[in-house]
Structures are given as structure tokens and as C-alpha cells.
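Q: In case you want the letters, here they are:
4 protein chains.
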Amino acid sequence: MVRVGIYGATGYTGVELIRILRRHPAVTLDFATSQSNAGGSLSDVFPLPWDIPLVAEGDTDPGKVDVVFCCLPAGKAMEAVAAAVQRGAKAIDLSADFRLTDARLYEQWYGVAHTAPGLLPEAVYGLPEIHREAIRQARIVANPGCYPTSVLLALYPLLKRGLVLTDRPIISDSKSGVSGAGRSPSLKTHFVETNENFSPYNIGRKHRHLPEMEQEIVRLGGRAGSLIFSPHLLPVNRGILSTVYLSVEESQSADSLHNVFSETYVGEPFVWLLPLGQLATLAHAVHSNRCVLSLTQPAPGQLIVCSAIDNLIKGAAGQAVQNLNLVCGFDETTGLAVQ
Amino acid sequence: MVRVGIYGATGYTGVELIRILRRHPAVTLDFATSQSNAGGSLSDVFPLPWDIPLVAEGDTDPGKVDVVFCCLPAGKAMEAVAAAVQRGAKAIDLSADFRLTDARLYEQWYGVAHTAPGLLPEAVYGLPEIHREAIRQARIVANPGCYPTSVLLALYPLLKRGLVLTDRPIISDSKSGVSGAGRSPSLKTHFVETNENFSPYNIGRKHRHLPEMEQEIVRLGGRAGSLIFSPHLLPVNRGILSTVYLSVEESQSADSLHNVFSETYVGEPFVWLLPLGQLATLAHAVHSNRCVLSLTQPAPGQLIVCSAIDNLIKGAAGQAVQNLNLVCGFDETTGLAVQ
Amino acid sequence: MVRVGIYGATGYTGVELIRILRRHPAVTLDFATSQSNAGGSLSDVFPLPWDIPLVAEGDTDPGKVDVVFCCLPAGKAMEAVAAAVQRGAKAIDLSADFRLTDARLYEQWYGVAHTAPGLLPEAVYGLPEIHREAIRQARIVANPGCYPTSVLLALYPLLKRGLVLTDRPIISDSKSGVSGAGRSPSLKTHFVETNENFSPYNIGRKHRHLPEMEQEIVRLGGRAGSLIFSPHLLPVNRGILSTVYLSVEESQSADSLHNVFSETYVGEPFVWLLPLGQLATLAHAVHSNRCVLSLTQPAPGQLIVCSAIDNLIKGAAGQAVQNLNLVCGFDETTGLAVQ
Amino acid sequence: MVRVGIYGATGYTGVELIRILRRHPAVTLDFATSQSNAGGSLSDVFPLPWDIPLVAEGDTDPGKVDVVFCCLPAGKAMEAVAAAVQRGAKAIDLSADFRLTDARLYEQWYGVAHTAPGLLPEAVYGLPEIHREAIRQARIVANPGCYPTSVLLALYPLLKRGLVLTDRPIISDSKSGVSGAGRSPSLKTHFVETNENFSPYNIGRKHRHLPEMEQEIVRLGGRAGSLIFSPHLLPVNRGILSTVYLSVEESQSADSLHNVFSETYVGEPFVWLLPLGQLATLAHAVHSNRCVLSLTQPAPGQLIVCSAIDNLIKGAAGQAVQNLNLVCGFDETTGLAVQ
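Residue numbers (this note's numbering), protein chains in the order written: chain A, 23 to 361; chain B, 23 to 361; chain C, 23 to 361; chain D, 23 to 361.
Derived from the structure by calculation, the hints contain no laboratory data.
Being a predicted model, the structure only gives us computed values, none of them experimental.
Please note that a few of the clues may not be correct.
Which copy is meant is left open, so a pair is good if it fits within one copy or across any two.
Said to hold, decoys possible - Derived SDA-like pairs (lysine to any residue); straight-line CA-CA distance at most 20 angstroms:
#	residue 1	residue 2
1	Lys86	His309
2	Lys210	Ser65
3	Lys86	Ser269
4	Lys228	Gly323
5	Lys228	Ser269
6	Lys86	Asp66
7	Lys98	Asp124
8	Lys228	Ala276
9	Lys98	Gly323
10	Lys228	Ala125
11	Lys98	Ser206
12	Lys86	Leu295
13	Lys98	Gln108
14	Lys210	Arg45
15	Lys182	His229
Bound conformation, chain A alone (with noise of 0.2 angstroms):
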């Protein structure tokens, strides 16, 4: 049995990580941490009927574990994990503290300094469809944000092979449940603003998830500076639904691309393609793990990719499991192949 904490229990997704690990058969809890709640249970905090103790993060001993999850915020994270990976444990971090690998960017979008800056290096994106056999030596991994790996799972098949018009722009238009917004209270996500409404916000190149789609573009061939991203804010729970515009070459053809997408993730357990004709929809992925694309060609010389998934699952608690499994040499769909 692996033995695993987690800093940041609850929030939604701390919770739906202990909801998942509930499942894993091979994973014991030692430590779930709160900030506010340090002393009470779970069910004091939601309406579980799960007395899983919380404590003070003060009060943890990482090195007593084998992996920790760190479902912190931004800016608290990194020192938890600095001070697990000293421990020797490994640490799975949901967070945004070790996405980027350059200290400065990070500092510029988080408006915090790196206080680990040399833990960057070796922390590796934690997409698995794109840096899997990295996963599974990391010591440091680097769960992708929500948007990004909706995006990016939609991108990845065309730019690996070249096959994206890099001097056009790529557009995610990309629709968001609002648990991706956290469980804090705010105008904004009180319940009759949101409810019956529709709102972009941060669209353009202004959300904190574009450097790090920007840094798996760059790395996969494409242009820094050509993605525009677009989120929006969608009266649901769960679920996010990206429609990405593409240019391609006019000779592609639908057919070829969908093999090209095909042929990129055959065996992947957690990506759905759809046959050409079919559109993704968020029923198609939230409550599971996967990511599900599909893609249309309106035009010669354009693609649409349609990609869905659940954020609090493939887009964050599904995906850490995922790479927990990873490292841990378990099959990768333990805890996470039902549904």
C-alpha cells in the first residue's frame, strides 16, 4: 500500500480527490490538511458522511508518506512541496507553482516570487498523454490546470506533427463549470449572478492557464504569442467544453486529421475520440476521467476541436491520480476506469 497526504483537503477539488482515492485499492491516507477546519472532519465541511480527520499542515510529517497531493493555492504550494520532496516523499501538485518552468514568468503571472526556483527543472507537466514515461521517474509532478488540459490534449496530435499553421492564430473559446472558480464565496459565483447567466472573462491572452498552454505550444513546435484563449463562465457544477479554431494546410482533409488524431492517442484510456459527424459535449466526460475530442472541418484549411472534459477529474483529482499511478508503477487507470 502506498501511503499518501494531502495539503488542501477542502476545497472541491482536495474532496473529489479523497472521493477518488476512496476507490484506489492500492493508496492509505495518512494526512488530510485545512486551513480553517484543522481539528474538525470532512463532514464537518461538506455534506459527506466521511470522519476523515483534518489537520494543520504545521502538524504533518511528510516524510512519513510516500506521495503528497498539494491542492493548495497558488503561492502556498510551493513551499509543501519543497519541503515533501526534502522529506522524501514525492509530491503530485495541482497547483500552478511548478507548472512554469521559468521562475520570472511565474512570478509575472502569479505576482509572487519562486521560492523553490530550483525545484523547476526537474518538475515534469503532468499531462500524461504527452510526458508519461517523464511522469513516471518525476519526483516533482505538475498537474496541468483545467483549461489547459482540455486545450492541449485538443492541440497535441496536429502540432507534434507540424501540422498547425503556426503564423494564424489558435483560439480556444473554452467554457467552464463553476466549480473551477473554488469554494470561496464571491459576487461572482453567488449563486443568482451565475445562475441563468453567461459571462466571458479574463478572454484574450489574460488568464492565468495561457503561459502555461504557451510553454507545451512552444515546446510542441508552435508559436509563442499565436494562442487566443477565451473563458467563459457556465451556470453548471462540473464539465468544461473548449472550441478550439485551428489552421491547417487547405490539403488536409477531415479524414486525415481524424487519423492523425487517431493514430496519436490509440490505447489511450482516458481520451475519446468521437467518429467525424459526433460533437463533444460535457455529458460526454463530466463525472469521468476522460477527455473527449472531436473535430469538424468548416472549411478547407480549418478545423474545429471540440474537447470535454470534467474539471474537477481529467482537468484536475482524475489526472493527479492518474500520475500518482504513474509513479507509483501502478496501471494507470486504477482507481479511475469505472465511469
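Mind docking chains B, C and D on chain A? Use the hints.
A: Just chains B, C and D now, kept in the frame of chain A:
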């Protein structure tokens, strides 16, 4: 033209009141106050293109207007109302501050001492279908709570004629949209917590609207202590449906009870009594000033009254304008008739 | 491994059953039928990647499986069940066809004559918390309706001990998510009609779930005719909350009543009794096989029980698997324990 | 008083039109037709207390009214419109039947031959912000589709001045509430399928609103074939948000582009251009006749226009009344100004 001012214009009730008043042909809005947005405009606070300046309460002179509407929270309204009537304005108070005639009862339920107990005897409970004539003469109208409006209009015809068995409980199982909880963010009204959920709260005899309902029930010959009131939070923006369970004489048929309702409410512009066999729903009432009633007799001696309103209109701002019309001698439906 | 077949796999209940069975370690699915999609796959009907072939009912041999689940509509199930038991299989029927022991009562409520009245005496009402031992021995389990599950678990502890005053009505004001109405499109369940709405329907003593509830109430010593049952359509996908109003002896304190519930349900894996002061909500129950109960005493002699379930799980497919586990001698929580 | 009749009064558009006309001071409703409810009243079809008789289309005499509104489905409207103008009435057609000037294009997209092609040349596309003067003189006004209203008002200022790069695609990622799909029940609009879901449909160049948008785009100097249009079904009742992606000259600053919009729409009563830095949302537009626009420049040469309307008002019935006002010489905002 009647000149009015609004204290507390930036809650859901305040903005709904402004929406209605903009259609009212005989009213000009002199001022609208906001505690946190004084100096700004209504369009800073709501996604609306109405450039209505917001002023601090201290910068208003109620003596210059004919009527003030008071949409302040309970405990904050009594001083504004007292000041207004002292300066010669009439006041329509949408808070609870003038609903209970007994200052001690007010303190017991609202946790603060009443600062204008001398005005309580003259305040008229602003449910026009019951107190129309008194409202016309009133200097202070205590606009009823949203739940009480739905419950009292369901009870009034039978209570008035002594047809409710007073030794049995009256049960109102009530369900309200989230705008009834106001615009301040909280975990309870956070989208993810409320959406796809349904929650009872303060059920039994604990909700603050209980004493004003019991006060009216007792005035109408009902028994103190007989009301069981169970509010629930419904994942919709607007609307209240109260399902009210009564005991009556076994000899009363559904037809005879329906006749009593029909006779009581004949000519009422804002009460819509459905024929037997139809049931009131939120959709019958929202976005209107209607109270929609339906009667169902489940068994001899038992009656179910379903009562639907829009909590922000008939349950607050619409009823306030109905009261304004009475106070000012306008046709009661002015500004309200449509929809 | 136990071999099972499903009649009627393409409704919401059928697909939920498949979802649960996919996690069940001791079950193999032999066949799944569909009237309109025979010859296709489950993935043609739902946005799910499960390539489960759908066959016509006539092409199945229930004699080859150990247990059949019957998710057909009322009136269609009785023949499938009769055929299954005749061929040696056990049957768990999720329709209403074997819930009422009196064939005339069945015909009166369901409008068709019962074609297998000889099997009614042996069918066991599949509410494990009440009939566990009989279920273990049953050849036919009549899986309870969704509303009845929520209401009967709220009533059972007090009825069983004779603590409910039988001369007073028992009122269940119940609210259900829309999946309870099935997957056939209708104006009532059209998105625009249901969203932002809330509707009572068949209230009083008109809903088809009334007679099965009364049958159990009478078995437990309650009075025939005492139940008032008011279902409402709630704009959520899943979940039922029943707010149940009872009369008890005035001498009964909230603590003593809570103790009765606590003693009745001690050790029950799927009943979660909340401490006094907390209230059951949909969020406590959905996506689980739990029934969550809370008690509130509004006044001496009165009790409110709030009872929440997931209508598709504890109210249908989950309870059916709980019954399967009993019938097959498995641990009762197999396949159900998580979440 | 202008006398009007409505063909097809019992869809969502028809009833919204009635709602607006009830507030219009200069209009009387002469007749309202319904195919399936002729002989009944509007209150039989909607939960509204408006006893408006519904008649069969064949029992109307359009010659007795000044203007007919035609809310029939595409393919059914052309004959009613032709009959009306023949009898001397003017016609405002909310269907697609008179939007395309090319009868062959109509047949290609709508699958039926046009029966009144001779009237197509005189029909005016009823987008007042573009064709105001022609509408004033028109005998037939082809009220635009809901999506086209949102998209064309987003494009018009820049197309008109030739500021859109025509060799690049114009992408409109559009999201619509479910009332846009009409009132006929279907699996797609079944509550459980739509709620908590979000679905692209007919994306690329397949939706029937594409040709009317392209017709206007080409009239304004844009390139045929340049539009990529991706509609999505949003789980709300009302509202459309189109997020439109354009390429412009790199030299154009956000300020200069904003000025172009500002100058184009100065004085327009129903276009609300937000200041740079704010983003249009559904909440800015629903329950009003407004089109709300915001501009975001993600990178030099790129522009994002967010355009929000209420699909039933500015996207249908409200725009139809705006057109009525133009046709009749009323102030353009009559009956529409409030909210």
C-alpha cells in the same frame, strides 16, 4: 408627479423596485442610496444601463419627497423610516422593522431593540388584499415579507370565515428562489452549493417570518402556536411556492371551499385563483405581481393550498408599489398591470 | 460470478444500474435489452463509451442468468418477471408490477389487469432496512418506488414502535429531480418549462406511489387513508427530498425520538441519521446509495423528518443492487460502498 | 390605434410578442392564431391569465388589420405573408422565409421551394441598426434570426468601414439559451439532457442562420465563405452570447476600434457599447431589447467582440416590435424602452 426616494437601492429588492418605478407614469425618483456604492451609479453595481446616481443615506433629505421606500436590512430601516415621517414623508418599509406591533417580540426575533416603538401602533401591515383601507390612510406601511405574502393569501379566505380548525397545525412547506437570500455572497448561496441541491433551513418555528405570519393569523381568529413553517432553498433565481396544509370541517367540499376563495378574491387585480384541478406553479407567478392560488382536497377535512408569487415582486417591490398606489390614491395597478 | 441480465437498459434507471454493475466485482452482465435500440449499442443512446450490445427482449434467455433486473415500465414488467422466474432466474423488478400484493388495487392504480397475480404473494417489497431477511430468500424482489423509499425510511422507526398518532394525517411534501420522470420528452420536462420553475403535481392522494406507501404503513400499524403525499417537480437532475410531517405524543422529546431512529438504524450501511440541529439536503445524498434523515421538532406533539435520497440510486438502481447482494449472499454494500 | 394580428401565437416567440404588445400604447391585437389550440385561449397553453382567444389561421382576415406578425415555422410563413400583403396588410415575418433574397439558396437550406419568390426582392432585412430607412418603407420586413442579430451587430461597424481583413475567417462562437430551440419537446431539449450539460451543434458552416449572415456580410463588403459559425446549447432559458473573433490591421488600436463602434452606434436606443475593459454577459441583455457589445484586443491585428442579446426579444419579438414602430411611424422605442 409623486416624488420618491429609495433607501437601500442596490440589493435585489431595490433594483427590482427601480425597474418597476421606471414604468410608473406618475412617479419621479429623487434619490437612491447605497452604503457601499455612494458616489457611484447603479450601473456600477448591476449589469444595467441605468445611470442612476447613488448617494449616501446621510446626504438625502426625505422632507423633499412624498414617499420613501426603505429597502434596508432589518434593524437599519427603523431610523430611516422615523426620520422620513418626521420630515413629512410617508414611508413604505420593505424591511421587517414595522411589521410586528410588539416591540419586545421584535427584539426577541431580530436581536436588536426597536428604536421607534412609538411608531409601531400606526404602521399598517401592507398586504392590500387584507388591509387595503388602512393602507390608504397610512403614514407607515410595513410591506410584508415574501414568505408571509404567499402564506397569508393562502390562509386569509378561510381564516376570515372561521373555517380553519384551530386545534390542528397549519403547515406551510415553502420553497424560495435564491434571490430571497439577498445579494451578499455566502457559502450557502455559492452557485456550486445551491445548484443541483435543495435544502430545508430554519424549519419548524425558527424562521424570522414566523411571528409576522402568526400575528396576522391570530388577528384573523387563528391560534397562536399553530403554524409550522418550513422554508426550503430552491435552485432558481426567483419565486416562492408555499404548499399549505390545513384542516377544515369534514362537511366542507372542495367546491364550497373554492367558492370561499373565489368570493374573497373577486375583483382582486393581483390574485389569480385557479380552477379546481389545476395547480399553481412558479411559472404562473414569476415576473409578475400576481399571487396564484390553487386548492386541492386530499381527503375530507383536509385542504392543500398551493400559493405562488415572485418573491421580488408580489413578495417585495411590486407589493410596495401596490402600496404606493394606495397611499397616493392612484389606481392600484399603476405600473404593475402588465405581465 | 453471478450472471445477470437487464430488461429495459436504456432509461435513466437502466443506465445507472449498468454504471453500478460495472463496479461490482462479482457480477457479469449477460444481456441488456432495449425496445427501440435493439441491435445497437448503449453508446448509441447515451454519451458514454460503453459498447454494451442492446438486444430485443425476445432474443434473451433468462434461464441462462442467475438474476434479471427488470427496468421496464409498469405493466410491461410482469410478463418478463414471470418468464424469468419460470426459467429459474431470480428477478429484481424496478417497476411497480410486484409492489402491491392486491391485484385489484394494482389494476385500479395502473389501469391494466395483472397478468401474474399468482406470483404476487411471494414477491418481497425490496426495502432492505425493513425486509432484509425476506429479501434474502426471495425469488421476486419488488424494488420500491423512489418516493416511497424516501418516505418509508422516514416513517419506519416510529411506526414500528407505534409512536405515530394514527388519527392525524401523515403529510409528505416531496420534491423530486426530473430524472424521476423518465427519459421520454414531454412538455412537462422540456427544459424551458422546468428550469426556473417548481411545480406540484398529483398532490393529495393521487400519485401512483401512494398505494405502495400505504400498504407498508398499514403493515407497520399505521392507518389506511392517513397519508397525504404531495410530489413536486424540482429543477435538478437527481435527488428526492421528502419533508414529512407527523404527529406524536406530546411527551416525546426530540431526543427520545432521535434515539428511536438511532436505535432502529444502527449498523445500517445506507442510512445516515444526522444529529439534531442538522438538516438533510439533496447534497447529502445524491450520487450515493444513502438515505439521509434529519429530525426537527417544531412543537410538542409534532415532528418533521427530512429524508433525502438519490432517486436513481437508493431510489432505484442502487437499491436494486443492494437487493441483488442480499439475494446472492454478497456483502450488502458490494459495488455500492464508495461515495 | 394600429390593428395587428399574429400568426403562430403559441410558441415562445409568439407569447413574448403578446407580452410586449400588451404594453404597447398604440396597438390592438385583432387575432392570434394557433394550429393545435384553435378554439381555446392563450391561458390554456401557457401559465398566464391572459384570455386571448386562439383562432385557426383559416379563420382570419388579414385585410382587416394593418400589420401581421408571422411567427410560423420556416416554410409555413411564406403563404401567410403573401396572403397578408395581397389583402393590404404589412407583414413582419419572424421566420426565415423572407430573409434570403435568393430563392434557390432558400430551397437549398430549408429544403422546400419558395412559393412567393416574387416578393423576395421587396422584403427588407429587419435589422434597424443597419436598414432603418428601408424598413420604414417596407411592406414585408424579414425579422432577422436570433444568432444573426447578435453576430451582425458585432460585425457591422468594422465591415461597414472595411476594417475587417477579408482573407481571414470571421469566427463566431455562439451560445444560446434553450428557448431558441422552440417549444416542441425533444430529447435534445429534455431537461435532464440539457441541464448541467453544454453542447455544440451544427458547428462550422452548417446552421441555417449561416446564409442570412453571409448575405449581410457580403453586402457590407465581407467575403463569402469567410464565416465560421459555431452554435452551442446553453443550459439557460434565454439569451445569446456570441464571442466573435476577427482579424484587423495591426495598426488598429483597441481605442480606435472602440471609437468606430461608438460612432456607428451613437444614438442607437438598443445598442449598448460597454467601455473597454468590461465584457458583455447574458445578464446585461436578457429581458430587454438591448444588444450589448464589448471589445477586447488580445493581440495586434486581432479583435474579440462579445455580443449579448435576449434571443426572444432583440433576437425575435422585441426586434419585431421595433420594426413595427418603424413601419408605423411610431417612436422606435415604443413599448420597448423599459428594462
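Q: Evaluate each hint against the coordinates.
A: Taking the hints in turn, this is what the structure says about them:
Within a single copy, Lys86 and His309 get their C-alpha atoms no closer than 32 angstroms, and across copies no closer than 33 angstroms, so neither meets the 20 angstroms cut-off. Proximity of Lys210 and Ser65 under a CA criterion of 20 angstroms is satisfied inter-copy only: 16 angstroms between copies versus 27 angstroms inside one chain copy. Taking the shortest alpha-carbon separations for Lys86 and Ser269, neither the intra-copy value of 50 angstroms nor the inter-copy value of 55 angstroms comes in at or below 20 angstroms. With identical chains, the CA atoms of Lys228 and Gly323 are at most 20 angstroms apart between copies only, with a shortest distance of 17 angstroms across copies and 28 angstroms within one.
In the homo-oligomer, the alpha carbons of Lys228 and Ser269 lie at most 20 angstroms apart only across protomers (19 angstroms), although the nearest pairing inside one protomer, at 22 angstroms, exceeds that limit. For a Cα distance limit of 20 angstroms, the shortest separation of Lys86 from Asp66 qualifies neither inside one copy, at 26 angstroms, nor across copies, at 48 angstroms. Within a single copy, Lys98 and Asp124 get their C-alpha atoms as close as 18 angstroms, which meets the 20 angstroms cut-off; across copies the closest is 53 angstroms, which misses it. With identical chains, the CA atoms of Lys228 and Ala276 are at most 20 angstroms apart between copies only, with a shortest distance of 15 angstroms across copies and 32 angstroms within one.
Proximity of Lys98 and Gly323 under a CA criterion of 20 angstroms is satisfied in neither setting, with 44 angstroms inside one chain copy and 38 angstroms between copies. Taking identical chains as interchangeable, the C-alpha atoms of Lys228 and Ala125 lie at most 20 angstroms apart only when both belong to the same chain, with a minimum of 18 angstroms there against 46 angstroms between chains. Taking the shortest Cα distances, Lys98 and Ser206 sit within 20 angstroms of each other inside one copy (16 angstroms), while across copies they are farther apart (28 angstroms). Taking identical chains as interchangeable, the C-alpha atoms of Lys86 and Leu295 are never at most 20 angstroms apart, the minima being 41 angstroms within one chain and 35 angstroms between chains.
With identical chains, the CA atoms of Lys98 and Gln108 are at most 20 angstroms apart within one copy only, with a shortest distance of 17 angstroms there and 56 angstroms across copies. For a Cα distance limit of 20 angstroms, the shortest separation of Lys210 from Arg45 qualifies neither inside one copy, at 34 angstroms, nor across copies, at 29 angstroms. In this homomeric assembly, Lys182 and His229 never come within 20 angstroms of each other (Cα to Cα): the closest approach is 24 angstroms inside a single copy and 32 angstroms across copies.
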